[in-house]
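Undergrad: Sequence:
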Amino acid sequence: MIENQKIRPAMVIGPLGEPLTIDSLPPPTTTRWVVRRKAEVVAAVNGGLLTIDEVCERYNLTLEEFASWQRAVDRSGMQGLRVTRIQHYRDLYERQLKY
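Numbering (my numbering), first residue to last: 1 to 99.
Errors might be hidden in some of the hints.
[Claimed, not checked] Restraint-style ranges between C-beta atoms, simulated for each label pair:
no., residue 1, residue 2, range
1, T29, Y99, 43 to 51 Å
2, Q96, I7, 34 to 42 Å
3, M78, M11, 17 to 25 Å
4, P28, Q96, 35 to 43 Å
In short, the hints are calculated from the structure, not lab data. By construction, the Cβ of each residue, glycine as well, lies at the ideal position given by its N, Cα and C atoms.
Let's have the full structure, built from the sequences with the hints guiding it.
TA: Listed below in structure tokens is the structure:
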């Protein structure tokens, strides 16, 4: 991650393989967070387009909320961001850790 450097990429690759820029990210007024929008924000941070602090400020998110999105993507991909399936993917992850 390029968090501590002043040089940032002009674009990163989004979760669906499309180029993401600051302008193509969800607007700061977003209140309905669908899976694709969450995944785009996570990809922007992972690629160095924005810092975690910038994302939390821009979208009025808590650090814990954004961190849960990152964990969900790391563990289960975009499907892990689906609110209706969170418990299923948590259980699946915990079972995988046991074995």
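Undergrad: Run every hint past the structure and note whether it holds.
TA: Hints versus structure:
no. : hint                     : in the structure
1   : T29 with Y99: 43 to 51 Å : 44 Å, holds
2   : Q96 with I7: 34 to 42 Å  : 38 Å, holds
3   : M78 with M11: 17 to 25 Å : 19 Å, holds
4   : P28 with Q96: 35 to 43 Å : 36 Å, holds
Going down the numbered hints, you'll see the structure goes against none, and every one checks out.
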